[in-house]
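Colleague: Construct all of the structure, not just a fragment, from the sequences and the given hints.
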Amino acid sequence: MAEELLPSLPQQSASPPSPPATLPPTTSHEPLDFPDPIEYVREQLCIPLGLPVNLWSVPDDGLRPATALHLLVRLAICGSEKRMLTLQGIYEALQERFAFFRSTNGHDTVAWQGSVRHAMSLYRIFVNRERDMGDKGRGSYWTIDIRNGEGYTRDRKRAATGIQKQTARIKMSR
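Quick note: the sequence shown uses our numbering, first residue 2, plus one each step.
Be careful, since some hints might not be right.
Here are the simulated distance ranges between beta carbons [unchecked claim]:
#, residue 1, residue 2, range
1, Ser104, Gly140, 20 to 26 Å
2, Thr105, Ser141, 24 to 30 Å
3, Gly115, Ala67, 17 to 23 Å
Everything labelled a hint here was simulated from the structure, so no lab data went into it. All C-beta atoms, glycine included, are put in the ideal place defined by N, C-alpha and C.
Modeller: Here it is as C-alpha cells:
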C-alpha cells in the first residue's frame, strides 16, 4: 500500500536535492516525550536509507504531488528540527518544497490549506501540542505520535441495516 502512495523515485547518480540551509527557529521546548517517528515514517513510505525523511524525498515536477496530503504533512513535520511545526510552518514547508503549492492563489490556496487542516484533525497520528508560556507566536504545534496508530480519530457512523434494527428491537423488548 505504501508503494502506491509514494511515486517511485528516479535512479540518479547525483545526490538528492538538499533542503535549504536555513533551519526553522529553535524554541524553548524540551525534547518530545513521543517516540521519534523518523524510522516509522521511512518504513511506511518506503523511503530508501540514503534519502532524508522530509519533503525533499518526494520529487517535485511542478504538478500536484502524487503523494497523499497527510503523508506530505508527516514528511514536513519529520523534516523540522524539533519534529513539530505550527500550522503556518506546515503551509510554509509545503510551499517552499513544491511549486504546486506556491503557484496557487486565492480560492485554491484556501482549498489546499483546508485539506491540510482536515487531514490533521482526521488522523490519530497527528497530535496538537500547546506552546510554552514564553514561546512567542500564534497557534500550537503539531507533532507525530506513532503510539496512537494510523487510524482515524473518530469512528465511522454507519446507518443500521434492517436486520440490525430488528435485532436491536428484539433486545430492547426483552
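Colleague: Take a look at whether the Cβ-Cβ distance between Thr105 and Ser141 falls inside 24 to 30 Å.
Modeller: 25 Å, holds
Colleague: Cβ-Cβ distance between Ser104 and Gly140: within 20 to 26 Å?
Modeller: Since the Cβ atoms of Ser104 and Gly140 sit about 25 Å apart, the hinted range of 20 to 26 Å holds.
Colleague: At the C-beta level, are Gly115 and Ala67 separated by a distance inside 17 to 23 Å?
Modeller: 20 Å, holds
When the structure is compared with the earlier hints, no violation turns up for any of them.
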